[in-house]
Amino acid sequence: MSEQKITQDFIGFGLGLRTDHFEYILQHQPAIDWFEVLSENYLVAGGKPRYYLEAIAEQYPVVMHGVSMSIGSTDPLDMDYLKSLKKLSNDINPKWISDHICWTSIHGVNSHDLLPLPYTEETVKHVAERVKIAQDVLGRRLLLENVSSYLSYKDSTMDEWDFLSQVAEEADCLILLDINNIYVSARNHFFNPLDYLNKIDPRRVQQFHLAGHSDYGEYVIDTHDHDVPPSVWTLYQAALERFGPISTMIERDANIPDFPVLYQELLEAQKIAELTLPGHPALSQSSLAPMGAISPMSTNEDLIQDPYQLPSKKVAV
Amino acid sequence: MSQLRQTQQAFMQYLLSAKSDNNLVDIRERVSDQKGISADHRLQIYANAYRIRLKETMETDHQILGQYLGDELFDKLAIEYLDAHPSSATSLRQFCDNLPAFLRTDDFFCQYPILADIAQFERLLLAAFDGAESTRADFTDLQTLAPELWPDCSLRFHPSLQMFSCKSNAVESWQALKAETAPDAPYYQQQRYWALWRNSERLTQFESLNQSQYVLLTGFIEGNDFAHQCEAMLNWYDEQAAPMMVLQTLQSWFSKGIIRELVIT
Ligand SMILES: [Fe+2]
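If you read the sequences in order, they're chains A and B. Using the UniProt record's numbering, the first residue of the first sequence is number 1, and each one after it goes up by one. Using the UniProt record's numbering, the first residue of the second sequence is number 1, and each one after it goes up by one.
Hints in this document: simulated from the structure, not taken from any laboratory. Yeah, the Cβ is synthetic: ideal placement off N, Cα and C, and Gly gets one too. Do not rely on the hints blindly, as some may be mistaken.
Among chain A residues calculated to face chain B with C-beta under 10 Å, some are [said to hold, decoys possible]: (1) Leu43; (2) Tyr52; (3) Ala57; (4) Gln59; (5) Pro61; (6) Lys95; (7) Val109; (8) Ser152; (9) Asn198; (10) Lys199; (11) Gln270.
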């Protein structure tokens with residue numbers, strides 16, 4: 001095993017780019033480090049979403065996140081999809097490209113869901129082989145994200161973390177660790193989330209996801225419609241301790257608040273990183289700045305009247 | 001067939017027909033019994049998520065159709081459409097592409113042809129929204145063209161341009177619901193025509209056309225030249241009026257930004 005660093009350097013704290021926020025971002029140019037874009041939303045020829053994406057990608061680093069590669073399916077890999085991803089990546093030049101370690105379609109029918117795989121040697125070989133092909137088409141290492149799951153299969157022979165690690169090792173790909181998904185699956189399958197973190201190779205982790213979920217007591221569903229809860233913040237802290245500063249973003253897909261509200265939540269992620277890794281030089285490169293703190297003219301009174309005064313990109317960098 | 005493939009087939013079969021117990025048996029045998037909720041409940045989480053996600057896509061893409069139908073009929077439509085047309089596209093954007101055709105041919109819904117018209121109109125609005133970007137030509141491009149070249153001149157249109165035609169008051173009903181007023185009862189008269197496009201401010205617009213304008217526009221879209229289209233207008237206008245009508249109509253299309261470029265063949 002080579003000791004050479006294969007992950008990209010920390011790029012700071014980002015948010016998912018959502019339609020509701022297009023106008024706000026272009027107008028206010030908030031001081032945020034990067035955006036994650038949902039690839040499938042921009043595979044159309046053009047139009048309004050593409051217009052905004054291209055305008056925003058000119059001003060901010062972006063990463064591409066997909067949901068349709070179906071890397072674990074036993075259908076042939078969708079080469080047209082991979083080529084369209086490649087084309088989009090040529091157009092917007094993302095820092096990296098990710099998808100999930102799951103399957104979504106079979107016999108050409110798409111469930112549009114991130115369905116769990118049985119954790120077997122057979123599946124490791126199958127998925128790793130397909131990741132290699134996808135990486136060849138995309139011309140770069142892919143990031144695979146762990147998904148939330150609600151069931152497990154009788155024929156699984158290993159734990160999820162071993163499965164993810166083995167695929168990553170065999171395919172020589174990278175990992176997007178979704179901290180919320182680890183928490184959700186830990187609750188649904190009764191494992192210790194720290195066992196998960198401790199088994200993942202830090203050399204391969206390039207990004208974290210944070211998100212909220214819906215807690216039904218007996219089980220938890222990954223809904224991305226709530227704030228990040230304390231349980232996930234705590235696990236995030238443990239992940240920072242193990243992996244160091246990792247580029248982090250908050251996912252919000254439903255019940256989407258105004259941009260400044262999400263920004264405030266992202267500041268919380270930054271704060272936890274600074275508390276967990278005090279004085280780490282990488283963290284000081286982030287352009288995130290506390291809201292209202294950038295303008296020397298602003299008084300407390302201003303802040304009360306306009307609680308969502310965001311630092312703009314130009315001022316804060 | 002590999003174990004993995006068998007599991008995936010059984011899972012998908014279950015998702016596609018979660019109501020029938022027959023399709024539960026196969027996947028149920030493959031799922032572990034764990035602490036906490038039952039295996040059936042665990043599977044049910046996936047079945048619910050599948051249906052909710054696709055129904056939400058229908059609601060988002062066809063908001064006005066949903067209001068026109070009301071909750072009960074929209075639920076019926078969602079269940080039946082999901083069964084008839086499982087998604088085969090990578091993007092949810094295409095999931096409802098078959099909805100107008102489904103409404104036109106389904107035994108129950110085909111009794112109300114306006115439903116397919118409203119659905120089709122909403123899909124064209126989405127297509128205009130997603131169409132590729134391109135430059136737009138100006139009327140002066142035509143004015144500066146030597147008059148002897150005009151007869152051979154044809155047009156290329158903005159990629160967002162969509163044509164729509166129906167016999168019902170679908171568009172009027174769509175407009176009424178959009179303005180949060182009650183639509184008129186459905187009625188069916190002579191064919192009506194519409195053009196939809198995304199303007200230079202990136203807003204989706206539509207406009208009604210009379211039959212001659214519709215024939216003029218579709219003829220140009222098909223690649224006919226100016227001379228050919230002037231002749232086509234003789235069905236409605238005399239020899240003096242036809243070229244004037246074409247010119248005036250073109251001028252308004254240029255100003256609306258729907259013409260991409262002039263082509264001399
Ligand atoms: Fe995630």
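Consistency of the hints with the structure:
1. Leu43: holds, 6 Å
2. Tyr52: holds, 9 Å
3. Ala57: violated, 15 Å
4. Gln59: Result: violated, 18 Å to nearest chain B Cβ.
5. Pro61: violated, 23 Å
6. Lys95: Cβ of lysine 95/A sits 23 Å from chain B, so the hint is violated.
7. Val109: holds, 5 Å
8. Ser152: holds, 5 Å
9. Asn198: violated, 22 Å
10. Lys199: Constraint on lysine 199/A not satisfied, violated at 20 Å.
11. Gln270: Violated. Min distance 32 Å.
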